[in-house]
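Novice: The listed protein sequences derive, respectively, from chains B and H.
Mapping of the first sequence onto the numbering used here: residues 1 to 160, in sequence order.
Mapping of the second sequence onto the numbering used here: residues 1 to 504, in sequence order.
Calculated from the structure, these hints are not laboratory results.
Bear in mind that the values here come from a model prediction, so they are computed numbers and not experimental data.
There may be inaccurate statements among the hints.
To be verified - Examples of chain H residues toward chain B, derived with CB under 10 Å:
{"#": "1", "residue": "Gln9"}
{"#": "2", "residue": "His10"}
{"#": "3", "residue": "Leu13"}
{"#": "4", "residue": "Thr36"}
{"#": "5", "residue": "Arg72"}
{"#": "6", "residue": "Gly74"}
{"#": "7", "residue": "Phe84"}
Note that the Cβ used here is the ideal one computed from N, Cα and C, for glycine as well.
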Amino acid sequence: MSDVSVETSTPAEALVDELTWLEDGRRVALRVDEELYPLDAIYGAAYLFVDRCWVYLHRSADKQVEVRLKPKGPTDPAALEALAGELANELLNQVLRVRIGDSTRKIREYYMARAFFSTSTRSSIDQLLAELDQEELAQDDLEISVPWDAPAEREGGGGS
Amino acid sequence: MRTGSLRLQHPRLDADALGPFRFGRMAGKVLLTHDTGEWHLLSEPDFQALLAGELGPDHAEHAALLAKGFVRDGMDAEAVAERFRRKKRWLGMGPHLHVVIATLRCNQSCKYCHASRTDMDRVDTDMSLETAKKVVDTAMQSPSPYIAFEFQGGEPTVNFDVIKFVVEYGREKNRQEGKTLDFSLVTNMTCMDEEKAEWLLANDVLLCTSLDGPQHVHDWNRPWTGKGAGAYDTVMKWISYFNRRYVELGRDPELWHVDALMTTTRKTMDHWREVIDLYVSLGIRNIYLRPLNPFGFITKTWKVVGVDMPEFLRFYEEALDHIIQLNRDGVQIIEGTAALFLQKMLTPDDPNFVDIRSPIGAGTGQIAYNYDGTIFPSDEGRMIDAMGNPMFALGRVGETSIQDAIRHPTVRAMAVASLLDGLPQCHECWNAPYCGVRPLHNYMQAGDLFGQRPNTPKCMQHMGIARMLFERLAADDDGSLARIFQRWTITRPRETPPPATGND
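So that you can see chain B by itself, here it is in the shape it has in the complex (with noise of 0.2 Å):
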C-alpha cells in the first residue's frame, strides 16, 4: 500500500475539491493531488484504463501526479471531456476502496488467520444455517434439491 497516510476517522463534512482537466484534442490530463486520492487509488485508477488508452503518469509538481490519457482509438475533445470525467469518478471510487482496505486490514488478517491457522471453530450461526438448509430441503416443494446436472470439471474439458 502507499506510504500516503489517510485520515481513517470520522469526517464530518463531505469533502469538495475540483480537478482542472486539459485536452489537446489527441490526449486529456488531470493533475491529481496525492494529499487527497492516495498514490494507490491513482494507480487503481489509471490502470482501468490500460484497454481503451496509452497512460502515462508524470511527477508535476511534489505530491501532485498528473495522469494522461490518450485513446489508442480515434478521438474527439468531447470525448475526451468525457474521459476525463469518467477518471475522475474511478479516482473517487478508489480512494473509497483505498480507505476501507486500509481501515478493515486487520480485520480481514484476523478471519484469514482464523480460518487457514486454526481449527475449526463451527459457529453457531453456521450450524443453524446448516440445519435450515437442511429442512428447506426436507421440504423441497419447489424440488430444488434435484440437480439437472452437475458441472463439468473445467472449462478445457471436452477438447476430443
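Following the hints, position chain H against chain B.
Specialist: Chain H alone, transformed into the frame defined by chain B:
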C-alpha cells in the same frame, strides 16, 4: 487546447464503522461483495448512509448487512472465518483432477482444435501401458481423498487399452488407498463400437462428448476424415445408445447420461437457438456456452472461426435469457458457466472448478499427463508444449513425485499469478469472490503469466457473466428468477452403483 474543471464531492466516510467489502455499481444499485461470497445490493442513498456510518440498527437493511459482515459493530468474526474456510476448503487438498492424454491421434480435424492432434498413423503419440501404470501411481500419491481421472486426447478411444488399464489398475490400487475414484472419458464417439460402449457402461466410466449444434454447424466445426456417416450422425447415434442403455440398466437418467460440451465459433452465432433447442430435445440438462481457447490450431484459424469476447458476450446474454425463459416455461436446462458463478454467489460452498478459483487449480487442483509421461500443471500447459514451448513441464511420471510437482516453481508462479488478492484491479474488484484468472491464457495472449486485466478476454468474460447474473437478480422483484437460479446450484452425487469389478 482546452481546459476545464470537475467539481468532485467525496462521500462522507466513517471507515471504522465498516466491515471489509468490495463494491461496484450496476442496475442502478451498488453491489457489495465479501470475501465469503456474501453480497448485498443497496440503493445509492443507502450506500452513502452506510459509508457515513449512519445506517443504524433501525434501518431496514442493517440486519442483513451485519449478518453478511459488511458492518463492523456486532460482526461475528468467527462466523466470517468459518464461512471463509468453507469457501476455500479445497486449499491444501491436493490435485483431484488428473487428465490423461491417452493419445494425440484423432480422426477429426476440428477447426478450433486446441489439443494439437496428430494423424491416425502417428502411433508414436500413443501412451504405453507402462507409462499408464506410472500415471496411476503418480496420481494416487495425491493427498486428495477424491481422484478423478479424465481421459483426453486426441481421441482417447483410439488407444482404448490404456483407458481399460487405468480404470482397472486404478481400482485395484485404490483397494489400499480408499479414495473416491471417478473416471470420465471425453470422446468424439467416432471410434465407438458396442464392445467399447458396454465395457464403459459396465465400468461406470462417465461420458462427455462434443456436440456443437445441429448437423450443419457440428460438421462444419468438426470435419471427420472417416468414411460412412458424418460426425454429427455418429455422435447422435451414440448419445442415444448410451442414454437408452443407462435406462435399461436401471440408472437414474437425471444422473446417468452422456454429457455434452459445445464450443462457440463464428458458425454458432447465427444458429444459437438451434443449438440450445437441440440440447433440450436430447434431454441434456446442462449446456456449456464456451468461448474458444487460445491454444493449438485456433491460433491459425481464428480469422475464419474466431469470435472476439465482446461479440461472444452479446451472444451469451441472448442465449442466457433464452435459457432462463425456457426455465420459466418448465424446461429443465441450465447454462454451465452461469451455474458455477451462481454456486459461488448463492451457496456457502465453492464448486472447486479448477479454472475459476483463486489461486487457480493448475498443479494444486489438477495435473495433466501427456502420452509420453510428461507431467504438466494443466492440459493447457501440455497444449503449449505441443506448440513447441516446454516451459510448463513439471517432470516425468516415474521420476517426479506428485509432491515435487505440486511444489514445482512453475506451479508456485502460476499460483502467485492467479491469487486475486495480489493482482492489480482484481484485489479490489467486486467480482473477486467469484472469479479466477487463467495465467496460461495470459501467457498465450500477452506473453506473461499476469497480463493486464482490462486487456484480458477472460476478465471481460467472467466480469460480464457475473454482471449479467447480478443485474437479473437485482430486477427479480418477485423472486422467481432466484428460485430458478437456486435450482441451478444444486448438485447431487451420482448414486453409487454396485461395483463393477468387485471388492474381492
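Novice: Each hint should be assessed against the structure and marked as holding or not.
Specialist: Evaluated hints:
1. Of the supplied interface hints, the one on glutamine 9 of chain H holds, with its beta-carbon coming within about 5 Å of a beta-carbon of chain B, less than 10 Å.
2. Interface hint at histidine 10 of chain H: satisfied, since its Cβ lies 4 Å from the closest Cβ of chain B, which is below the 10 Å cut-off.
3. Look at leucine 13 of chain H: its Cβ gets to within about 6 Å of chain B, closer than 10 Å, so that hint holds up.
4. The closest approach between the C-beta of threonine 36 of chain H and any C-beta of chain B is roughly 9 Å, which is under the 10 Å cut-off, so the hint is satisfied.
5. For the restraint placing arginine 72 of chain H at the interface with chain B, the shortest Cβ-Cβ distance is roughly 7 Å, inside the 10 Å limit, so the hint holds.
6. Annotation: interface hint on glycine 74 of chain H violated; nearest CB of chain B at approximately 12 Å, more than 10 Å.
7. Proximity of phenylalanine 84 of chain H to chain B holds as hinted, the smallest CB-CB distance being about 4 Å (cut-off 10 Å).
In this structure, the one hint that does not hold is number 6.
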